[in-house]
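Undergrad: The chain contents come next:
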Amino acid sequence: MIEFDRVTVTYDGAAEPALRDVSFTVPEGELALVIGRTGSGKSTLLRAINGLVPHFTGGTLAGRVLVNGRDTREYRPRDLADVVGMVGQDPMAGFVTDTVEDELAYSMESLGVAPDVMRRRVEETLDLLGLADVRDRALTSLSGGQRQRTAIGAALTSHPAVLVLDEPTSALDPQAAEEVLAALQRLVHDLGVTVVMAEHRLERVIQYADRVVEVPGGSAAVSTGLPAEQMVTAPVAPPVVELGRLAGWSPLPLSVRDARRAAVALRSRLHESAPLRPAVVAGAELARCKDLVVGYGNITALRGVSLSINAGEVVALMGRNGAGKSTLLNALVGVVPVRSGTAEAAGADPRRTKPSKLVKAVGLVPQEPADLLYAATVAEECAGADSDFRVPAGSCRALLRRLAPDIDERMHPRDLSEGQRLCLALAVVLCGAPPLLLLDEPTRGLDYGAKRRLVAILRELAAAGHAVVLSTHDVEMVAEVATRVLVLAEGELVSDGETATVIAGSPAFAPQVAKILAPLPFLTVGEVATALERAS
Amino acid sequence: MRTVHHLTLPRGLHPGAWWLWALCMAVAASRTRNPVLLVLILAVTGFVVSARRSDAPWAHSYAAFLKLGLVVIGVRVVLQALLSTRSQGTTVLFTLPQIPLPDWANGVKLGGEVTAEALVTALYDGGQLAVMLCCIGAANALASPRRLLKSLPGALYEMGVACVVALTFAPQLVTDARRIRAARRLRGRTRGSFRTTAMPVLEGALDRSVELAAAMDSRGYGRTAQVPRRQRRITGVCVLLGLLGILLGVYALLTDAMAFPLAAATLAVGLLLAVGAMGVGRQRVTRTRYRPDPWALPEWLVVGAGAVAAGAMITAAVRGVDGLVLAGPLVVPPVPVLPVIGILVGLAPAAAAPPLAPRRELVVA
Chain A
1 MIEFDRVTVT
11 YDGAAEPALR
21 DVSFTVPEGE
31 LALVIGRTGS
41 GKSTLLRAIN
51 GLVPHFTGGT
61 LAGRVLVNGR
71 DTREYRPRDL
81 ADVVGMVGQD
91 PMAGFVTDTV
101 EDELAYSMES
111 LGVAPDVMRR
121 RVEETLDLLG
131 LADVRDRALT
141 SLSGGQRQRT
151 AIGAALTSHP
161 AVLVLDEPTS
171 ALDPQAAEEV
181 LAALQRLVHD
191 LGVTVVMAEH
201 RLERVIQYAD
211 RVVEVPGGSA
221 AVSTGLPAEQ
231 MVTAPVAPPV
241 VELGRLAGWS
251 PLPLSVRDAR
261 RAAVALRSRL
271 HESAPLRPAV
281 VAGAELARCK
291 DLVVGYGNIT
301 ALRGVSLSIN
311 AGEVVALMGR
321 NGAGKSTLLN
331 ALVGVVPVRS
341 GTAEAAGADP
351 RRTKPSKLVK
361 AVGLVPQEPA
371 DLLYAATVAE
381 ECAGADSDFR
391 VPAGSCRALL
401 RRLAPDIDER
411 MHPRDLSEGQ
421 RLCLALAVVL
431 CGAPPLLLLD
441 EPTRGLDYGA
451 KRRLVAILRE
461 LAAAGHAVVL
471 STHDVEMVAE
481 VATRVLVLAE
491 GELVSDGETA
501 TVIAGSPAFA
511 PQVAKILAPL
521 PFLTVGEVAT
531 ALERAS
Chain B
1 MRTVHHLTLP
11 RGLHPGAWWL
21 WALCMAVAAS
31 RTRNPVLLVL
41 ILAVTGFVVS
51 ARRSDAPWAH
61 SYAAFLKLGL
71 VVIGVRVVLQ
81 ALLSTRSQGT
91 TVLFTLPQIP
101 LPDWANGVKL
111 GGEVTAEALV
121 TALYDGGQLA
131 VMLCCIGAAN
141 ALASPRRLLK
151 SLPGALYEMG
161 VACVVALTFA
171 PQLVTDARRI
181 RAARRLRGRT
191 RGSFRTTAMP
201 VLEGALDRSV
211 ELAAAMDSRG
221 YGRTAQVPRR
231 QRRITGVCVL
241 LGLLGILLGV
251 YALLTDAMAF
261 PLAAATLAVG
271 LLLAVGAMGV
281 GRQRVTRTRY
291 RPDPWALPEW
301 LVVGAGAVAA
311 GAMITAAVRG
321 VDGLVLAGPL
331 VVPPVPVLPV
341 IGILVGLAPA
351 AAAPPLAPRR
361 ELVVA
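Chains as they are written, first to last, in the UniProt record's numbering: chain A, 1 to 536; chain B, 1 to 365.
Be careful, since some hints might not be right.
Stated by the list, open to error - To give an idea of the chain A side of the interface with chain B (calculated C-beta under 7 Å), a few residues:
{"#": "1", "residue": "93"}
{"#": "2", "residue": "109"}
{"#": "3", "residue": "110"}
{"#": "4", "residue": "111"}
{"#": "5", "residue": "182"}
{"#": "6", "residue": "225"}
{"#": "7", "residue": "366"}
{"#": "8", "residue": "371"}
{"#": "9", "residue": "393"}
As the list claims (entries may be wrong) - Computed far set for chain A versus chain B, every beta-carbon distance over 10 Å:
{"#": "10", "residue": "88"}
{"#": "11", "residue": "246"}
{"#": "12", "residue": "251"}
{"#": "13", "residue": "261"}
{"#": "14", "residue": "264"}
{"#": "15", "residue": "277"}
{"#": "16", "residue": "346"}
{"#": "17", "residue": "383"}
{"#": "18", "residue": "385"}
{"#": "19", "residue": "403"}
{"#": "20", "residue": "406"}
{"#": "21", "residue": "414"}
{"#": "22", "residue": "452"}
{"#": "23", "residue": "498"}
{"#": "24", "residue": "508"}
{"#": "25", "residue": "518"}
For the record, the hints were derived by calculation from the structure and aren't laboratory data. Here a beta-carbon is modelled for each residue, glycine too, at the ideal position from N, C-alpha and C.
Looking at chain A on its own, in the form it has when it is part of the complex (with noise of 0.2 Å):
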């Protein structure tokens, strides 16, 4: 269905290929996965199916694509528009016109299709998709799960024989990631259409995968491959592939029911042992809130929550889309106004104090790190931060350099990668070293070796007795770095506790390791490698 033949694609202006030599073929019918470090190439791939590359975004391609027999060097992607339906990263900025119903059929009236048959295929990918309840809603009142739905069901409609999605559960919450996937694997099972899938978080997608495509970057090749081979040497691996690499497990599984079942023996070797965790030294009270109601309009976005955080906790705070995560974290800062209740920051209320006192005290990374960027390259940025937080100057450059040693000094800040992007946000609010940190989302887009850095991070800032509060839906990343979870659900906190005692139970938030091992304590496959080293 899908032919790369000896693909290298050059942009204009760059010394290097984003692709080099690329062959491989998807053949119909199957779920092929894409996987690689971020600024691998994955993008670049995924948008070479289409035509988008080079046709849209420039460039050079040579060797050939062919999809469905068609050349994309004869077709454009409008004349391929029949035969791949595309569904960007982020899907409301693809989004054509304003309710669900619209959007399903617009890709259909570029086509012409009979009126009949518009009105048959929308009726079908609603109720296939299961959106017929938001059918006239408008796209700016769906949930994150919904959005992604309805982009995929607008792809859908003009029946391609390919469907290409770039990271189509990134930015959801675990249930809404489940409803996403599944979706797609009734796509795969019962139509037949050929997916093409890039994702970071293969813990969620990795077992659906008929084929596995591993875009290394650089000058090394692509490889192909089945999953469970392919896993096996991928620099970038789901944790229950890891624990089975630690176990020795062969063939390697890659659900979590595949690895409970491998994983009898392990769990009688680790009967009698517990997880080692630090114990946690809570320091001086950082941050409080009591009562605290905050909402926009007439939505009430937090309803009377009451905490306290202390220095040396790295807090998760987890919870749907909508439940109130951001909205408590701006709070914190002084972003959004105070309906009642109390919410202080270091002592204050942040709404009275000045920007430039409050720097020093309570600091925030926000969803989109790019909001806190302003200069033309990212020396100016550090440059200007050092002035802003008022510390001698190169002191933002060296916290970069520490966070993320490759950053090109003369890029724009909008040309990083996300990953990039978000360690210049965070070097940059570091620099005025607040006693309390706290981060809106900052898994987006990291790859595992990133977000290995980053923990890294988080640890030691915590251990130098920094209070960390971040915001995820990312369990596996929860349970590596935090001390202490807290669940918001409509704008209430219904649970607030020890990481291993909040996430271990529940069924959304287990990450893979728990399950696998439940029930036995252990959260991550570092815990278990420690354990297993003291039994031998």
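With chain A's structure known, arrange chain B on it following the hints.
TA: This is chain B only, laid out in the frame that chain A set:
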């Protein structure tokens, strides 16, 4: 009878029908300065709006237009009071302190005596403009602007898409600006500059436009049938000229700037040119439409009602029926029969337009 012809089967009326009806009511208002007729027109449009508007966000715009109308009247009356001279009448209401003006401003008077005639004339003139504004407001409240853009002729499709995208982007820009202003606090800055506010917003908007363009391209936007370039250019020029003609004609009809036959002729030629060019332009378009708004009996009735109202007023004006223009500012306004009946026909949409489907339960996300 086909179901679309039912007057009671719930569905949204074609937005074009609402606009035509509202424009007819505006034309009717433009023919008279009689306060009784103006108030009647306002009441008729207001009643139809309250009977047939949805609960969509744009449906609340009617109140904004009402307020705008009040502002228009207020400004007009205050200005008139300041600049009032005795030439309009002799009934002095009160005297404002007069500000002496230099010689070159001879003939202009600031302050001084304010006559009742001047004020009442200003009130009626302002009222006429306000009522016409409210007619436009009624169209705004009754018809979804996006659905109207969707029913543009095929040849204007690209323009329609540009407008729809702009409608989506504008609120997005406001949200972005707010977010970025908030983020400035996080850098410890109190004051913003162009660099720290406008630049990030613009950069974000540019990024989004590129994303959207890529998405539209991969969804088949811009697939067209081959048409020779010469023909494309000619159609373009014809559309432009046609629209210009329509604009001129409507302006002339509304303001008496040209003689009636000339204005009508301009309008007709403009319409012909535009319609013809669009017909030719359609050949290029291979698109189809999903659930287009039907144009059936209710639409005809609504437009017809508007046409009767406008027609009655125009006929009355041409025939010189008493009561459209008052004999003097301070007389009791008469109630002419023909125009009143005509305007009351404009009420028909309150019953002729099908009711809206009851909204499905809304879940706030």
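Undergrad: All hints are to be evaluated individually against the structure, with a verdict given for each.
TA: These are the hints, each one checked on the structure:
1. 93: With Cβ-Cβ at 4 Å, under 7 Å, it holds.
2. 109: With a minimum Cβ separation of about 5 Å from chain B (threshold 7 Å), the hint on residue 109 of chain A holds.
3. 110: holds, 3 Å
4. 111: holds, 5 Å
5. 182: violated, 20 Å
6. 225: Violated: closest Cβ of chain B sits about 28 Å from residue 225 of chain A, beyond 7 Å.
7. 366: holds, 6 Å
8. 371: Holds, because the Cβ-Cβ distance from residue 371 of chain A to chain B comes to roughly 4 Å (cut-off 7 Å).
9. 393: violated, 16 Å
10. 88: Non-interface label fails for residue 88 of chain A: nearest chain B Cβ at 6 Å, not farther than 10 Å.
11. 246: holds, 41 Å
12. 251: Holds, because the least Cβ-Cβ distance between residue 251 of chain A and chain B comes to about 37 Å, which exceeds 10 Å.
13. 261: holds, 39 Å
14. 264: Given that every Cβ of chain B is farther than 10 Å from that of residue 264 of chain A, nearest at about 44 Å, it holds.
15. 277: holds, 32 Å
16. 346: Since the minimum Cβ distance to chain B is about 14 Å, residue 346 of chain A lies beyond 10 Å and the statement holds.
17. 383: The assertion about residue 383 of chain A holds, with a minimum of 13 Å to chain B.
18. 385: violated, 7 Å
19. 403: holds, 18 Å
20. 406: holds, 23 Å
21. 414: violated, 6 Å
22. 452: For residue 452 of chain A, whose nearest Cβ neighbour in chain B is about 26 Å away, the distance exceeds 10 Å, so it holds.
23. 498: Given that every Cβ of chain B is farther than 10 Å from that of residue 498 of chain A, nearest at about 30 Å, it holds.
24. 508: Residue 508 of chain A is indeed farther than 10 Å from all Cβ atoms of chain B, at 19 Å.
25. 518: holds, 33 Å
Consistency note: the structure conflicts with the earlier hints numbered 5, 6, 9, 10, 18 and 21.
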